[in-house]
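Protein sequences appear in the order of chains A and B. The first sequence begins at 0 in numbering that gives the first Met the number 0 and counts up one residue at a time. The second sequence begins at 0 in numbering that gives the first Met the number 0 and counts up one residue at a time.
Everything labelled a hint here was simulated from the structure, so no lab data went into it. The beta carbon of each residue, even a glycine, is placed where N, CA and C say it ideally should be. Keep in mind that the hints are not guaranteed to be accurate.
What the hints assert, rightly or not - Part of the chain A face toward chain B, derived, beta carbon under 7 Å: (1) Asn31; (2) Phe88; (3) Arg91; (4) Ser102; (5) Ser106; (6) Leu107; (7) Arg118; (8) Tyr151.
So you can see what is in the structure, the chains are spelled out below.
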Amino acid sequence: MTTETCPAGTAVPGVARSVAVACRGLRHRFGNHVAVDGIDLTIERGTVFGLLGPNGAGKTTTIRILNTLLKPQEGVVEVLGYDVRRFAFSIRRRLGYVPQQLSIETSLTGRENVSWFARLFDVPRRERKLRVAEALEVMGLSDAADRLAGTYSGGMIRRLELAQALVNRPELLLLDEPTIGLDPVARDSVWRRVEELRGATGMTVLVTTHYMEEAEALCDRVALMHLGTIRAEGTPESLKAALGPGATLEDVFRHFTGAVLDDDTERKGGLREIRSVRRSAN
Amino acid sequence: MRSAAFVEARTERVEARPDHQRWIDYPLRGATFCLVELQKLRHDRTEVFTRAVQPVLWLVIFGETFNKLHAIPTGHVPYIDFLAPGIIAQSGLFVAIFYGIQIIWERDSGVLTKLLVTPTPRSALIFGKSFAAGIRALTQVCVVLVLAAILGVALSANPLAILGSFLAVMLGAGFFSCVSMTVAGVVLKRDRLMGIGQLITMPLFFASNALYPVKVMPGWLQGLSTVNPMSYEVDALRGMLIGSHAHLGEDFLVLVAALAVGVVVSSALVGRLAQ
Chain A
0 MTTETCPAGT AVPGVARSVA VACRGLRHRF GNHVAVDGID LTIERGTVFG LLGPNGAGKT
60 TTIRILNTLL KPQEGVVEVL GYDVRRFAFS IRRRLGYVPQ QLSIETSLTG RENVSWFARL
120 FDVPRRERKL RVAEALEVMG LSDAADRLAG TYSGGMIRRL ELAQALVNRP ELLLLDEPTI
180 GLDPVARDSV WRRVEELRGA TGMTVLVTTH YMEEAEALCD RVALMHLGTI RAEGTPESLK
240 AALGPGATLE DVFRHFTGAV LDDDTERKGG LREIRSVRRS AN
Chain B
0 MRSAAFVEAR TERVEARPDH QRWIDYPLRG ATFCLVELQK LRHDRTEVFT RAVQPVLWLV
60 IFGETFNKLH AIPTGHVPYI DFLAPGIIAQ SGLFVAIFYG IQIIWERDSG VLTKLLVTPT
120 PRSALIFGKS FAAGIRALTQ VCVVLVLAAI LGVALSANPL AILGSFLAVM LGAGFFSCVS
180 MTVAGVVLKR DRLMGIGQLI TMPLFFASNA LYPVKVMPGW LQGLSTVNPM SYEVDALRGM
240 LIGSHAHLGE DFLVLVAALA VGVVVSSALV GRLAQ
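Excised from the complex, chain B in its bound form:
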């Protein structure tokens, strides 16, 4: 029954093609969902502050402690400088990985049904939402950036580097929101999504280069880190914000590809939410 519905959702998407091939939908819907996200944030700002607590703890307690211990070999870079880009990526990850809750909420409230009856292709809907998740993550990242500067992290003042890091955060958060919306399309229930979100956040964070250099990891963890888009996001952020050696071309390529795959997979599943 469930798989039949899934097949049906997919055929509908393909059938909708003949009268609809507009690339402009993607930037337009991206802007629309982003605006709605910011409007919601304007009406209730508390989340910006509550979500700032965790990165503060990581930077102030974990970061400062390990900065003094010199337990993690980060070369000539102070540990707190090494950590800051990782915590920036993490704060984006935490916003994005639970973003699917919104789409389940919209499903339960009936808003999703109405969204799916607007002239919005499903992939543009998902792209729009992942873009909005990226913007939402960015508001969080700005808080962490200010905090890192206060703690004396030697951040780059190059405007291009800052913009580039914003882009990396948006791509990363966009991808993780697609992961979340994909899980939402599979489990269909808020509680289950919460559980799975909790389950995957920590492995994504720890099996990346956010806290320690890849070189100190055991081989199997290095393997996981290589297939974890989080590592590429952190690598790019480190390269641009604290000037460490990075593979920017490869990083952005992986992030863009991951986002594209995320949008495709997630939009194939969103129909299940509307059954």
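Extracted from the complex, chain A is given alone in its bound form:
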């Protein structure tokens, strides 16, 4: 997609240009707690990739390393052909990121919120107005654009955040639990728009979720993450087929994580937690 060449010496040997994300032996700890424990991950450009797992699996830490917020402690991580340690800004310019928490400036209008990020992403002044209007339009917020964002519903806030993330026309969109805390209608609306967008632009989408049914319906490929490691990876169909007829992705998850299910894993984020819905902190 990008016509710019990779900076010399950043490529992971053997990683093709068609790869959006490449991690080799990624490990990250907070104090004594190992959040990500040596994961290998390859995400092809143009795919919707789901990173699935219960709370505490290490999904958010992985996302925060990919978006350059955290520097990886161990392993090689490349995003869009750039080493995350050395080329954080080149990556940021090509990235869209929506964090788990609903986060917008409530004392600005929707349009001002998006325009703010257009400026922070150095969208040229001539294009700015158009790009902002376009992002709002794609997310179905044109009519509400000049209302204060504090009056928006949860689903609208999430769509406004997507508009903010899209205004720099990212090559890779990172969505951390995009539908958490939303009602089913809002969840559906958010997903439908992500789908449309991918269809229209061919951008790569990496999404974390613990809603297995969403992942099953929408992701080209999924990786099942548990206690900092990736237990299985593949298309939802192939993962289910390997387990036998009638298996759901939830069964697949139980199968792969159940193999090591002991008291410890039960306590630290077993399957029961998959269904628990955390409220977003807004």
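Starting from the known structure of chain A, fit chain B onto it as the hints suggest.
Chain B alone, transformed into the frame defined by chain A:
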């Protein structure tokens, strides 16, 4: 644990350098944050008026009273004229010293995380915010200026002097907002920042030349006043607005240096807020 996170935040900042060395980010982000600040102000103007109350009280009650008492030796300058630049600086200080609350608010709401993932160096983020704080302080200062003129303070009508005083207010407020954001990066909690803000505002104000000339202060207070950027801001404002003797070169040098140090220290700590 906390210090480890701090070290990590610093290394990340240094590591981010190889693909990013653009001076243009500073004016660009300054303009952006300033615009956002003004947009917020446009949606809710009440703050402009509520924040005008305190300077009004200082000028009308304290100023008028001491003007009649002649208790403070200000030479041939009427006390209210002497006081006005001090109250202008004070109204800027009050806006700026609590500016860190905004960055804690952005942290709690998750907006800060998103700001830190934009191609904005942390120092440009802090510079942008301190610039916005300066502009915000300026809106307050305009109210005080009008009020001072109504009260008959003999303000300079020289446009250059007015612009110069705006610059001094912006530098001063920019520095104090960096102090506030630094405290925010240390305490991480809104309530604690409020407490510390209250704690340092009055000493900054009283241990300066805002209310009385340095000459009447006891020696130890003179010492504090010399290291207080507030004193340099007030000195510059007095020099430009009411034409008293001032050391403009030294004043602006100190204010610019203080702001630069403030931006550097504060941006080293902002990573802590994103953990």
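Verification of the supplied hints:
Using the Cβ-Cβ criterion of 7 Å, the hint placing asparagine 31 of chain A at the interface with chain B is not satisfied: the shortest such distance is roughly 10 Å. Taking 7 Å as the C-beta cut-off, the interface hint given for phenylalanine 88 of chain A holds, the closest approach to chain B being about 4 Å. Taking 7 Å as the C-beta cut-off, the interface hint given for arginine 91 of chain A holds, the closest approach to chain B being about 5 Å. Contact between serine 102 of chain A and chain B, as hinted, is supported at the beta carbon level, the nearest pair being about 3 Å apart and thus within 7 Å.
Because the beta carbon of serine 106 of chain A sits about 5 Å from the nearest beta carbon in chain B, less than 7 Å, this interface hint is met. For leucine 107 of chain A, the shortest C-beta to C-beta distance to chain B is roughly 6 Å, which falls under 7 Å, so the interface hint holds. Below 7 Å, beta-carbon pairs count as interface contacts, and arginine 118 of chain A has one with chain B at about 4 Å; its hint therefore holds. The criterion of a C-beta within 7 Å of any C-beta in chain B is not met by tyrosine 151 of chain A, whose closest approach is roughly 14 Å, and the hint is violated.
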